[in-house]
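There are 4 protein chains.
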Amino acid sequence: MRVRFAECDPQSIVFNSRYLEYFDVAMTELWREAIGPYEESMGDLGVDMVVAEAGLRFRAPLRFDDEFELRASIRRLGTTSMTTAIAVIKDGTTCVEGELRHVFVHQGTADKREVPDEVRAGLTPYLAD
Amino acid sequence: MRVRFAECDPQSIVFNSRYLEYFDVAMTELWREAIGPYEESMGDLGVDMVVAEAGLRFRAPLRFDDEFELRASIRRLGTTSMTTAIAVIKDGTTCVEGELRHVFVHQGTADKREVPDEVRAGLTPYLAD
Amino acid sequence: MRVRFAECDPQSIVFNSRYLEYFDVAMTELWREAIGPYEESMGDLGVDMVVAEAGLRFRAPLRFDDEFELRASIRRLGTTSMTTAIAVIKDGTTCVEGELRHVFVHQGTADKREVPDEVRAGLTPYLAD
Amino acid sequence: MRVRFAECDPQSIVFNSRYLEYFDVAMTELWREAIGPYEESMGDLGVDMVVAEAGLRFRAPLRFDDEFELRASIRRLGTTSMTTAIAVIKDGTTCVEGELRHVFVHQGTADKREVPDEVRAGLTPYLAD
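If you're matching them up, the sequences are chains E, S, D and U in order.
Going by the numbering used here, the first residue of the first sequence is number 1, and it counts up by one from there.
Going by the numbering used here, the first residue of the second sequence is number 1, and it counts up by one from there.
Going by the numbering used here, the first residue of the third sequence is number 1, and it counts up by one from there.
Going by the numbering used here, the first residue of the fourth sequence is number 1, and it counts up by one from there.
Zero decoy hints are in this set.
In this list, chains with the same sequence are indistinguishable; a pair is considered to hold if it fits within one copy or across any two.
In the SDA-like style, the derived pairs of lysine to any residue whose C-alpha atoms are separated by at most 20 Å in a straight line are:
#1 K90 to E53
#2 K90 to E40
#3 K112 to R101
#4 K112 to D44
#5 K90 to A52
#6 K112 to R57
These are calculated hints, taken from the structure and not from any lab test.
Required output: the full structure, derived from the provided sequences and hints.
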């Protein structure tokens, strides 16, 4: 991925909120690899996720046109929630790292539910030690 | 309204796409004044709008923390569509101006429908000569 | 402030990254009240701030057209950094709360510097107990 | 490229302003191919571009996770400005198409200047008939 001009601010660096857009892309791609396209796989199960917590630590800025990669691993897979560690990496250097905690809900509601078995099975290989 | 830092790019001016976010705010406020809160009033009628065309002319840049106002007037109210002229004004100077053409659809679909009578009645006073 | 349509996602709630845009608005307004317009006051001092850490806890979603207010108080004012607690409140309920840790730098650089005396004096009344 | 979740609105389609972010990516990639990385090549020449006009026609919506490509060709290369036609295409279908008119300026100013010879030479092969 490359930093888009529109993602940078007058300090000529990526504005902090944009990293949460990148984190969401990391989740989408983790899902595709582990379980399948998010909407299809989750729609079939009648389940959805909402973000409950986010944390970000900014170590070095990204700038317009920088190439970077996203790495995601699951730190904790609980009964109704999961915590994913995400890193934004440029040339081997971690520029931003953080976590997203998601809660599983019945689709179209805010009601918590257990992680479906199919999802748990798919995600388990991505659990960090 | 004031320009937010996150809306500005490395040229230290509001990035062009952000004006379409402002245009949408102008539509929301025009609706509130003419008809009522958008979601309530349109939901009751089972109708929605989608943007079919947008045009923008950038005359002078806005910068971080600039105060500005939005002006909207309806240029054309057709059978199934409307065209709204919108201006972004700072200290009496038009910085950006443009148009949005919206098409009325049955809610939850992409199927065109006529402008509801209640909407037409509410919008008519905002028709520019 | 009101939630803009463009800030909401297909779950019909404000997308998580947008709260960091709101947090930045809260910082801008805290600055205006405590010290003066950010760019003027900081430019005169040759100083700038960069975000080092951000944390957010999402308690209840905001939706399109919701009215909300932002509250900011300084939790810690160190030698070269400050931590600000920010809450997004709707009808007396805290929907999202979090912190931003900023580091003071010499303008145009990433080099840390001490909080200028004028800034420290202005911010001290906003320190939470 | 794929549509990001954060780019979609409560109608479950890409919000209109996001296409101007895509258009900017199209310009960046056109530049890379025709002339070189934007900031390096333009910085060396002491020149920059600002957007003067934008037009968009929305033919079909893009949704979360849709794959699409961007196509750009130069419609007009004038003395101090250029107009680029851009299309957002999914599975061979043009979903959104439009134009950006850019004006060349002396870097760090709003003062118009002629298109540099190096830029004109690089862009000429991309002129649509």
